[in-house]
Each structure stands twice: as C-alpha cells, then as structure tokens.
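Colleague: From first to last, the protein sequence lines are chains B and A.
Residue 8 in the numbering used here sits at position 8 of the first sequence; the count goes up by one each step and never skips.
Residue 110 in the numbering used here sits at position 110 of the second sequence; the count goes up by one each step and never skips.
In short, the hints are calculated from the structure, not lab data.
Please note: incorrect hints may appear among the correct ones.
[What the hints assert, rightly or not] Derived EDC-like pairs (lysine to aspartate or glutamate); straight-line CA-CA distance at most 20 Å:
#	chain 1	residue 1	chain 2	residue 2
1	B	Lys164	A	Asp3
2	B	Lys126	B	Asp115
3	B	Lys7	B	Asp51
4	B	Lys74	B	Asp31
5	B	Lys74	B	Asp30
6	B	Lys164	A	Glu6
7	B	Lys126	B	Glu144
8	B	Lys164	A	Glu76
9	B	Lys164	B	Glu144
[Unchecked claim] Short derived list, chain B residues pointing at chain A, Cβ under 10 Å:
#	residue
10	Glu11
11	Asp16
12	Leu36
13	Gln37
14	Trp76
15	Leu77
16	Gly79
17	Arg118
18	Phe136
19	Val153
20	Arg157
Model, not experiment: these values are computed from the prediction.
Even for Gly, the Cβ is constructed at its ideal location relative to N, Cα and C.
Next come the chains, spelled out residue by residue.
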Amino acid sequence: MDEVELKLQLERAHADCFGWAMACCGRDRDDAEEVLQTVYLTVLDGRARYDGRSTFRTWLFGVIRRTAASERRKAWLRGLLLEREVGIEKRGAGILAPNPFAPPDAEVEHESRRDGLRHALGHLAKRQREVLQLVFYHDLTVEEAAAVMHVSVGSARTHYARGKANLAAMLGDAKEL
Amino acid sequence: MMDDSEIRQRFAQLREADQESAPSFAQTYVRTRARRSLRATRRVRALVIATAAAVVIAAIGLAYARSLSPPAATPEIATWRAPSDVLLRIPGSELLGEMPALGASVLDTMIPKPSNRGI
C-alpha cells in the first residue's frame with residue numbers, strides 16, 4: 001500500500017480511531033491526539049505494516065492499542081504520573097465550578113448519561129472495558145475485538161460477558177439513584 | 001437489568017460527543033508531518049554529532065597511541081642521508097677518506113706505474 005492509499009485509509013478511519021484512542025488513553029483528549037499522531041507516523045513511515053490478515057480498521061486499532069500502552073509506559077518512566085494527577089485535580093475543579101452558559105435540560109441529561117457511562121467504564125477491568133468499547137462503540141464483533149486485543153476469542157467472550165454484566169449493574173444502580 | 005440496546009444507545013451518545021470534539025484528520029495529519037520532519041532533523045543532528053564525536057575520539061586515541069609507542073624514528077635518523085649530501089663531494093674526496101699508508105705516496109693512486117704503460 002503506497003502513502004496516498006494509506007493516507008486515504010487513515011482519513012476514512014480517523015473519527016473511529018480517535019474514539020478508540022480516547023478509550024485507550026483513559027479518555028484524555030490530549031493523550032489521545034498524541035497517540036494518534038504517533039500511530040499515523042508509525043504507519044506512514046512503514047514501521048507498522050498492514051499485512052491484510054484482518055480488516056484495515058481492526059489492524060489499525062491494534063496499532064493504536066499498542067502505541068497507547070507504550071506511551072503510558074514512557075510517561076510512567078518519565079515520572080509524569082504525578083503531574084497528570086495534578087492536572088486531573090485542576091480539571092476536576094473546573095468541572096465543579098458553576099457554568100454561566102449552562103446548556104438546556106435535554107443536553108444536561110445527555111451529558112449526565114455520558115458521564116455515567118464514562119464513570120462506569122472507568123471502574124471496569126481494562127480488558128472488559130476494551131471489549132465493550134470495541135463491540136458497542138465501534139460495532140466490531142467479539143472475534144474482531146479479540147484480534148485487536150491480542151487475546152483468544154474465548155477469552156474475549158468471557159471479558160465481554162463479565163464486562164456487560166458489571167456495566168449493566170453499575171448503570172442500573174446509577175439509574176435507581 | 002439493562003439490555004444490550006440501552007447499552008448500545010449510551011455508547012452511541014458517547015461516540016457522538018467524541019466525534020464532535022475530535023480534531024479533523026487534516027489537522028492531525030499536518031501535526032504528524034511536522035513531527036516527522038522534526039524527527040528527521042533530530043536524526044540528522046544526532047548523526048552529525050555522533051560522527052564528530054567518533055572523529056574526535058579517534059584523533060585523541062591515535063595521538064595517545066603515538067605518545068605511548070617507542071621512538072621508532074631514532075635509528076632511521078642515524079642512517080638518514082640528506083639529499084644535499086651529494087654537494088659535499090669534491091674532487092679528490094676519496095683521498096681524504098682513506099688513511100695513507102707508510103712509504104706510500106698519494107701520487108701512486110693517481111699516476112699509473114710505468115709497467116702499466118707497457119714499457
């Protein structure tokens with residue numbers, strides 16, 4: 001695949017890739033963007049080659065997952081975790097601050113539902129979170145999700161079933177409150 | 001218990017929100033290219049620095065090795081002859097190079113003996 005074709009394929013999958021990068025980076029937008037840039041660079045430089053054994057999107061998701069894991073390790077090695085925690089605290093303080101431009105009620109409800117899902121996903125085990133994101137968010141089959149996660153299909157099915165049950169329980173609890 | 005369709009719906013809302021806030025492909029691609037050229041520049045710079053360091057280290061190593069080795073040039077200097085030595089040769093210099101024997105004349109070597117003339 002030449003660079004023009006690669007660029008075209010990346011452009012087609014871009015929005016989906018961003019969502020997956022967000023999931024792999026703990027929903028941190030800046031980290032997700034950086035991971036995506038690194039992935040595009042890796043693909044365009046030919047350091048990661050598509051071999052046609054799966055769909056391009058499935059393969060790309062695998063590259064994003066590995067890159068995000070590698071970036072996380074690097075960040076940990078640099079001792080940036082502390083700084084990140086400080087950043088999250090600051091951001092948290094920003095969320096709690098009163099917003100003079102409050103959105104209408106429907107939007108507030110949507111936002112609250114999204115927050116509920118994000119919160120519940122954050123409490124799931126990594127594998128469970130990944131498989132649910134791939135199946136429900138990206139509409140992949142469990143088999144494709146297993147290929148992205150580099151686990152067996154049986155293992156992916158187990159993570160899927162457990163993750164779905166845990167998520168449903170958490171979202172159900174939140175609904176009752 | 002929540003069913004699949006409700007979970008799917010919630011994920012769909014999350015996806016919509018993400019797509020609204022996602023950077024455009026063009027934007028990401030431009031940043032990627034910028035990083036690519038920056039990386040190339042860094043690589044060239046690293047290569048130049050590494051080459052310069054290697055040259056300096058090699059030069060220092062050579063100089064050190066030379067300072068440690070015995071003066072091999074000394075015997076060569078003892079046997080060395082200057083190219084201008086030829087100018088020091090003067091007519092009759094062979095006479096000065098030998099010790100004259102007692103009872104012999106310098107002329108013996110220069111004037112042929114009568115017997116040699118066939119008299």
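Colleague: Please name the hints from earlier in the document that this structure breaks, with their numbers sorted from lowest to highest.
Modeller: 8, 14, 15, 16, 19 and 20
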